[in-house]
Amino acid sequence: MQPIIKIKDLDITYNLGKVNEYKATKSMSMEIYPGEFVAFFGPSGCGKSTLFYSILGILEPSAGQLLVKGQNPYSYSPEEMVRFQTKVIGIIYQAFYLINSISVIDNVVLPQIFHGVNPKRREDWARQLLKRFGMEGQGEKYPDNLSGGQSQRVSVARSMVNNPDILLADEPTGNLDSVSTKQVMTSLEEINAVDKKTVIMITHNAAQLAYCHRVFYMKDGKLERVVPNPDKKQIAKVDKQKILVTEMDQLSKIFPYNSPTELKVKSLVNYLTQDLNFHQLQRLEELVKHVVERKMDKNEFYKVLKRNYPDGGIGVNDALAETMSARVDKILKQSEDARRFRRRFLANNFYAREPELINRLTKYLEEEYGGELALVQKKRLKELVYNRISGLIQREEFKLSLRRSLDGGGVGFPKNISRKLTNYFEKILIQGSEDPGHGH
Amino acid sequence: MRIQDTLKLATRMFRTRPARTWLTIAGIGVGIAAVVILVGLGYGLQGLLLEKIVFGEAMLSLNVITPPSRIIVINKTEIDKFFKLENVEDVAPLASFTSLITQGNLTSSIMLNGVEPNYFRYAGVMPLEGELFGEGEKDSVVLSSAVLKLFEKEAADVIGQTVSFKVFVPALEGDDVQEIPIEKEYRVKGVVEDEASLFAYIPLSEFSSRFAVPFYEKARVKVTGREFLDSVEAKILEFGFVVTALSKTVDQANKIFRGVQVTLALFGGIALVVSAIGMFNTMTVTLLERTKEIGIMRTIGGSPLSIKVMFLTESVLMGFLGGMVGIGIGVGGGLSINFLLNTIATRLGGTSMSLFRFPLPFLLFIAVFSAIMGYITGLFPSKRAGSLNPLDAIRYS
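Chains V and P are the protein sequences, given in the same order.
Position 182 of the first sequence, counting from 1, maps to 182 under my numbering, and the rest follow consecutively.
Position 267 of the second sequence, counting from 1, maps to 267 under my numbering, and the rest follow consecutively.
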């Protein structure tokens with residue numbers, strides 16, 4: 001099969017021959033096959049948009065070969081270029097780029113207006129397209145009255161109006177909410193699968209890589225690696241022996257922004273610190289999410305933990321499942337008191353001490369400690385718990401005060417106990433917190 | 001692109017930037033209005049003047065004059081010759097002699113012209129006061145207004161009064177002058193306007209019945225159609241006479257007024273240039289504002305030509321609408337001034353007249369011209385719009 005786009009040793013240079021000359025891509029080579037859905041993925045400035053504009057025919061490469069359907073678009077006459085940009089390529093932009101001064105239907109047919117297509121025919125066709133992309137009956141509106149998702153669907157309809165072979169999408173969901181993102185991605189997937197169009201998408205969103213056959217990872221103007229999606233039936237010829245599907249493929253999906261070395265590091269650290277592999281961890285996270293959202297009780301959590309991995313479980317042994325579910329349950333229950341305290345505390349203008357809740361929270365720490373405490377220790381622990389939960393002291397100070405000797409005004413716990421109790425109390429606090437966190 | 005699509009895209013400006021678009025159109029409108037009103041004034045003045053001197057039969061007559069050297073003179077035989085020329089309908093001679101005019105106890109020297117009544121029509125003579133004499137009236141005289149000044153009288157006082165003449169008839173050869181008193185009183189019937197020369201008209205028969213008229217001063221030769229003026233003139237010139245034609249004078253006047261109109265149009269043109277610069281500015285700003293849009297259009301299949309045509313259409317449309325507005329303001333303004341002046345004039349006892357005239361071909365020309373002006377103004381911005389680099393355009397913000 002002949003590639004629909006063939007790029008070989010392509011250099012694209014901005015301001016060629018000037019002082020501020022800048023090479024945006026360096027000897028890039030790739031082949032994209034008809035009917036493929038591929039993504040250009042990488043940080044900003046990696047040259048993906050540059051390559052994109054070059055394929056669109058508005059940025060001439062400075063060296064190398066660029067062939068679209070076997071021809072170099074930059075050898076075209078202006079008329080052929082216009083034909084190329086209508087019949088061969090359709091384009092979707094991140095910012096939609098609709099013309100606000102004409103109606104939605106006119107936006108969709110604009111490419112055909114330039115070609116003098118019969119008004120009746122083009123409008124019928126545009127209405128079909130609008131209907132297909134869920135914008136039926138909105139044709140008479142103006143784009144400034146549309147939401148982002150609606151605008152992008154109009155833009156998708158516009159890109160399909162001339163039935164092009166290749167669809168270029170420049171971060172098509174960059175400006176959209178999650179619902180609209182889903183709709184637009186589904187449309188793209190359908191255009192690829194049903195209409196058999198080649199779709200090339202630029203994206204920052206790792207979740208969207210799952211829609212693609214292959215992902216072209218780019219960095220600093222270079223193509224770093226091409227990763228086929230093991231979940232999709234490949235169109236490009238992929239040598240099975242040459243490409244070994246490893247944990248790397250899975251990790252690159254979870255951590256799309258990390259380099260291969262970083263992924264190898266993650267793999268080893270996981271091996272050293274955790275008994276569960278990345279597949280299990282991923283599923284466990286989904287499970288715990290249900291528990292945290294109180295959609296799953298302790299018992300059910302325990303069962304899924306114990307169930308074998310192929311059957312949708314995690315596959316841990318009975319004892320571990322028991323411990324894990326019990327600990328999670330305990331933390332969540334105890335955290336309720338922390339939550340109550342924070343609520344009342346905030347509602348009562350910071351003056352309420354709520355002694356009953358503080359007593360209970362202190363008792364949880366005593367239980368976790370397991371030993372007997374002197375009266376003065378109890379009193380000081382209670383004081384620390386209050387100070388920590390009402391935000392008077394930080395985690396570090398809490399830990400140090402636990403460790404400090406009784407004479408020095410502390411609780412007098414050994415070092416490891418202090419650390420253990422601090423960690424434990426922090427877990428209660430995070431579960432009981434309604435604060436979104438200040439790191440955002 | 002189809003024409004209706006081009007128009008649809010070009011009229012977006014009324015939706016996107018209504019205020020700016022209409023202000024630009026109004027600017028051009030004012031410029032065009034200045035031209036329209038000034039040239040309209042030119043047409044008005046021309047019309048007024050020509051109305052005064054143009055009379056149907058006067059336009060068809062040639063004025064044949066005995067040359068001052070008197071090598072050849074207009075006499076009976078020559079007049080018969082004129083009659084026999086092809087396409088000549090009538091000949092009305094004028095005999096003119098130095099005379100003494102007596103009114104009451106005042107006597108003065110004037111030129112006494114003997115004419116037949118049809119001469120008045122061919123020469124376009126119109127009475128200022130009273131009437132001209134007609135066929136068969138033998139006792140009437142028409143005076144020039146200069147004669148009234150001489151007698152220090154008003155027209156109303158003179159009309160109906162009587163005057164008498166003594167004529168000095170030169171001999172055909174030699175310097176002898178024969179003095180012929182006309183023992184008859186003539187009643188003043190009318191006054192013609194001429195403040196500069198002293199003369200009076202009496203019926204020609206009053207001369208011919210008393211003495212043989214040696215020669216005629218001038219003759220009016222009336223031709224059957226305007227197209228024959230030149231051929232008849234040429235033939236009379238061959239005889240050796242001096243010939244002038246009123247139609248020639250009218251042509252001359254028209255030429256002068258064309259000059260006047262061009263001058264007035266140039267003055268209006270200054271306003272027009274200013275508004276054209278304003279429109280150019282608008283188009284340039286529009287271009288900047290649309291840069292991104294042009295980039296988008298270029299990447300979805302708009303050719304450079306389509307973009308160019310879109311811009312040009314817009315400026316031609318603006319120019320044309322400006323022309324329409326200008327014609328509206330100009331014609332409306334001119335007619336209003338006319339109406340105002342006429343109201344005042346009639347109230348003060350004058351006659352109404354049209355000072356502004358707007359011939360239809362002139363207005364059509366202005367309409368076409370304003371569209372052409374829009375086209376020229378749009379040339380540069382549209383060329384730039386068409387030649388924008390799509391990548392730069394789409395990244396422009």
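A hint or two may mislead.
Claimed, not checked - Calculated cross-link-like contacts (lysine-lysine; reagent style DSS-like; alpha-carbon spacing at most 25 Å):
1) V:K120 <-> P:K8
2) V:K295 <-> V:K330
3) V:K333 <-> V:K8
4) P:K84 <-> P:K222
5) V:K141 <-> P:K292
6) V:K69 <-> V:K222
7) V:K363 <-> V:K333
8) V:K182 <-> V:K233
9) V:K87 <-> P:K308
10) V:K233 <-> V:K253
11) P:K81 <-> V:K141
12) P:K166 <-> P:K149
13) P:K292 <-> P:K81
14) V:K87 <-> P:K292
15) V:K6 <-> V:K196
Said to hold, decoys possible - Not everything, but these chain P residues come out facing chain V in the computed CB check (under 8 Å):
16) M1
17) R2
18) T16
19) P18
20) E57
21) T98
22) T299
23) I300
24) G301
25) L391
In case anyone wonders, no lab produced these hints; they're calculated from the structure.
Just so you know, these numbers come straight off a predicted model, no measurement behind them.
Positions of the beta carbon are idealized from the N, C-alpha and C atoms, including for glycine.
### Message
So if I understand the rule, the pair passes when the alpha-carbon distance is 25 Å or less; does P:K84 with P:K222 pass?
### Response
holds (12 Å)
#### Entry: Pair hint outcome, V:K141 versus P:K292 [Cα-Cα no greater than 25 Å]
holds (22 Å)
### Message
What's the verdict on V:K182 and V:K233, does the C-alpha distance respect the 25 Å limit or exceed it?
### Response
holds (22 Å)
### Query
Once the shortest beta carbon distance from P:E57 to chain V is found, is it less than 8 Å?
With Cβ-Cβ at 62 Å, over 8 Å, it is violated.
### Query
Between V:K120 and P:K8, does the CA-CA distance stay at or below 25 Å?
holds (16 Å)
### Query
Holds or violated: V:K295 with V:K330, Cα cutoff 25 Å?
The hint holds at about 16 Å.
### Task
Below or equal to 25 Å on CA atoms is what counts here, so check P:K81 against V:K141.
The given pair, whose Cα atoms are some 88 Å apart, is violated under the 25 Å limit.
### Query
Are the Cα positions of V:K87 and P:K292 separated by 25 Å at most?
Holds - the C-alpha atoms of P:K292 and V:K87 are around 22 Å apart, at most 25 Å.
### Task
For the pair we were handed, P:K292 and P:K81, check the Cα-Cα distance against 25 Å.
Roughly 85 Å separates the two Cα atoms, so the pair is violated.
### Task
Please work out if V:K333 and V:K8 have their alpha carbons no farther apart than 25 Å.
The given pair, whose Cα atoms are some 61 Å apart, is violated under the 25 Å limit.
### Query
Within 25 Å, alpha carbon to alpha carbon, are V:K69 and V:K222?
Between V:K69 and V:K222 the Cα gap is close to 23 Å, so the pair holds against 25 Å.
### Task
Would you check the hint for V:K233 and V:K253, treating anything up to 25 Å between C-alpha atoms as holding?
Given pair V:K233, V:K253 holds - Cα atoms ~17 Å apart, limit 25 Å.
Violated hints for the displayed structure, listed by number in ascending order: 3, 11, 13, 19, 20 and 21.
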